[in-house]
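> Below, each chain spelled out in residue letters.
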Amino acid sequence: MSLLTLSNVTKRFGGLTAVNDLSFTLTAGETVGLLGPNGSGKTTALNMISGYLPVTAGTIALDGTTISTLGPERIAHRGVARTFQLVRALPSLTVGENVLAALAFRKDPLWGSEAEARIETLLQNVGLAGRQHERASNLTYIDLKRMELARALATGPKLLLLDEWLAGLNPTELRAGIDLITRLRQSGITILLVEHVMDAVRALCTRCIVMNTGSRLADGPTTDVLADKSVIRAYLGDDHA
Amino acid sequence: MIFLIPLVALAALAAVPFFVGAYPLGLGIGILGYATLATAWALFSGPTRYISLATVAFFGIGAYTVAVLADLMPYPLVLLCAALIGLVVAVLVGLATLRLAGIYFVIFTFGLAELVRQLVTYYEVNVTRTLGRYVFLPIGPEHIYWQLLGLLAVTLALAFWISRAKIGLALRVIGDDPVVASHLGIGITRTKLALFSLSAVVMTLAGAIQAPRWTYIEPSIVFNPTVSFLTVIMALLGGPNRLFGPLLGAVPLFLLFEWLSANFPNHYSIILGLLFIAIVFLLPNGVLAAADKFAARFKNKEASV
Amino acid sequence: MLFSAILTGLVLGGTYALIAMGLTLQYGVARIMNLAYGDLIIAGSFGAMLLFTAAGINPLIALFIVVPLGFALSWLVYALMLQPLARRSPNRDRLEGDSILATFGLLFVIQGVALVLFGANYQSYSFLAVPIDVLGTTIAANRLLAFALAVLFGVGLWLLLTRTRFGTVIRAVAANPGSAPLVGINVDHVARLAFALGGGLAAAGGVVVSMYLTFSATMGVIFTMKALIVVIMGGVGNLLGALAAGLILGVVETLVSSFIDPGLTLAATYLIFLAVLVVRPQGLFGKAAR
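Residue numbers (the working numbering), protein chains in the order written: chain R, 1 to 241; chain L, 1001 to 1305; chain D, 2001 to 2290.
There may be inaccurate statements among the hints.
Estimated spans, in silico, between C-beta atoms of each pair [said to hold, decoys possible]:
1) R:R131 <-> D:N2091: 27 to 33 angstroms
2) L:A1014 <-> D:D2261: 47 to 53 angstroms
3) D:L2060 <-> R:N38: 56 to 62 angstroms
4) L:F1264 <-> R:K107: 57 to 63 angstroms
5) L:A1296 <-> R:A167: 32 to 38 angstroms
6) L:V1091 <-> D:A2267: 14 to 20 angstroms
7) L:T1189 <-> R:R135: 27 to 33 angstroms
8) R:P171 <-> D:T2164: 52 to 58 angstroms
9) L:P1074 <-> D:L2284: 48 to 54 angstroms
What the hints contain is simulated information worked out from the structure, not anything from laboratory work. Every residue gets a Cβ at the ideal spot worked out from N, C-alpha and C, and that includes glycine.
Using the sequences provided together with the hints, build the complete structure.
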């Protein structure tokens, strides 16, 4: 059952082609890695899927319906949630309010005591139990990432886009982060992971798509892709292929 | 329990017309009128930071609607018409500008009052051929006072409710990060439009209610740019993000304005302008916020001792 | 009749383009949304009128007095009022909001002074009000002179921006104020100079306007509006765009005034503005936001 389909998606910024004729399909329940060196267009691809950027050409479909013509609010209502490369907390709100915002404006909104209960559960799942009333601006980096994840999950998405969520973590935090996402996988949610941390990719993703300078370089099972000569060349240069 | 204090205050204010003479009552009407305008202004421009310079456009629409329709239909219906016209204009302005960055909105509202004034003038001169209308309604100053008091109370109640309701949360999210807001499913333009429309309708009614005070109404009288100016300076002084901020800014500034325009009829513009600039510089978040900061520092000093 | 209106409109459009140039500098480079801009124009008009009626100095000479005054006044305004705001603003949006409010206050100050000094009546003076035959239709000489001056200033500004080192510095700050310091540009300095230059152009615009239009102390708002609309329609920072937009505005306004009703010119201007906002908010020649 295909959940997300990109068909010949292209994104141009004036003279620069950031994404070039990208096509791939995600099946429901998969955890797929989106890899590639810096500047290969991974985040731009995510931005188009979430509706933050319009496509220049091509279509993106979710569950068979085209979403590339919709704005981010409508796409969010159809079940897409994401985290951002640089964490975007809502600094003047508390942790609880950050999550409440996600619950209050989703397709089937929650408010009041129902919401409070759900907030507790969500925060518990990401390791922030009981911290609803702390101001978001006072949190550490890893806790902000957890909060952002809780906020994304609060919308009840079918598709979760993680933009380098595991970046900048020390080994202990990384272990905890990988465990968190492993548990998420078991809930049946589809995850598209933009990542550079290869240990995490190997641990979490059954399949990987590799991009280079905007185009798709490889698409297949993780072990195969990571051993592919052209992929190694793209990351490390000709000497290492 | 917490609602007891405002209710007592409301009752006390309502009793005022029975105890004071004509001049203080006139001052009271002026204060209530501006308090309402300033609160309505801050309702939208406070959280969204979209600065509206169009207050008098709506105020004037309200007053002029009464001038035109007062003889044709019962008073409550006239007020309803005024509110509807204000709503339509607000929705048109909002649809055109609120989906864009704040600067477009500011520019559009900047000339809006002038535009409406010119359109009304054109219509009166060329179509109805009556520039200037008389308002003879059997509505005394006490009734205007009470209506304004009611409007102010409703506006404050609405502002309070908004801060606790979902839309208040939406505004705070939008204010912190519009990108996150849209990814959480918040319709940013829709939210702004709702708030702007509400604010505009209140302003229109404030103008409509005060129309009977002028027995003779002409576009240049009711579309006076000083009204927009005073509204903004009052809200800024008191603090546009506090519930009672605009009200607290309105009282002293209105009295100052009355005194200035009586004693310096030609120069008050300059003095107010300088005062405005001073407020923007010294009290960027208004008196209440500055007072809060001061109190916090005082408390810190106590704690460290 | 139509041809005459179009020609008159182009001439008026030249003045609008000139007026918009100063605002482009102030908003595009110094990032100040100056709501008092139109009042500086009016101040220039009053200055020219005063010099003409009291001292017999014709407007062309008056330019040499009024423009430097406008430059100096704007320099002071920026240094005393706007630079401190720029320094304490955490981001561009906050600066925009604060500068709008501060210049809104300034508007009332300047307008108040003008009202005290000159009253609220319409003013004008007669200079070169001689009809000249152009391509079969007659236009007043002062209007043609106004157009010539607009072209002169426009070309002068364009040369400054594209042929001088300082012009390149200005364009660098306009393009990316965050990175400009990385190449050794003192953004504060440049912003102040650009703002002052914009003020000088506003004063020049005021002198030009006074040559053939009636004006009053309270017309500042209308001029600010038109300058803003021209700048936005042309795309912020785009000089050629401002020129084109100014000409379009002038022509449309004159056509509406001649064939529909002179009382609807502001409405026509707003309608154009509305159309631009709905269809292409980055301006006819501006770059798309995303």
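> Now look at each hint and say whether the structure bears it out.
Comparing the hints with the structure gives:
no. : hint                                    : in the structure
1   : R:R131 <-> D:N2091: 27 to 33 angstroms  : 28 angstroms, holds
2   : L:A1014 <-> D:D2261: 47 to 53 angstroms : 48 angstroms, holds
3   : D:L2060 <-> R:N38: 56 to 62 angstroms   : 59 angstroms, holds
4   : L:F1264 <-> R:K107: 57 to 63 angstroms  : 60 angstroms, holds
5   : L:A1296 <-> R:A167: 32 to 38 angstroms  : 37 angstroms, holds
6   : L:V1091 <-> D:A2267: 14 to 20 angstroms : 19 angstroms, holds
7   : L:T1189 <-> R:R135: 27 to 33 angstroms  : 29 angstroms, holds
8   : R:P171 <-> D:T2164: 52 to 58 angstroms  : 57 angstroms, holds
9   : L:P1074 <-> D:L2284: 48 to 54 angstroms : 50 angstroms, holds
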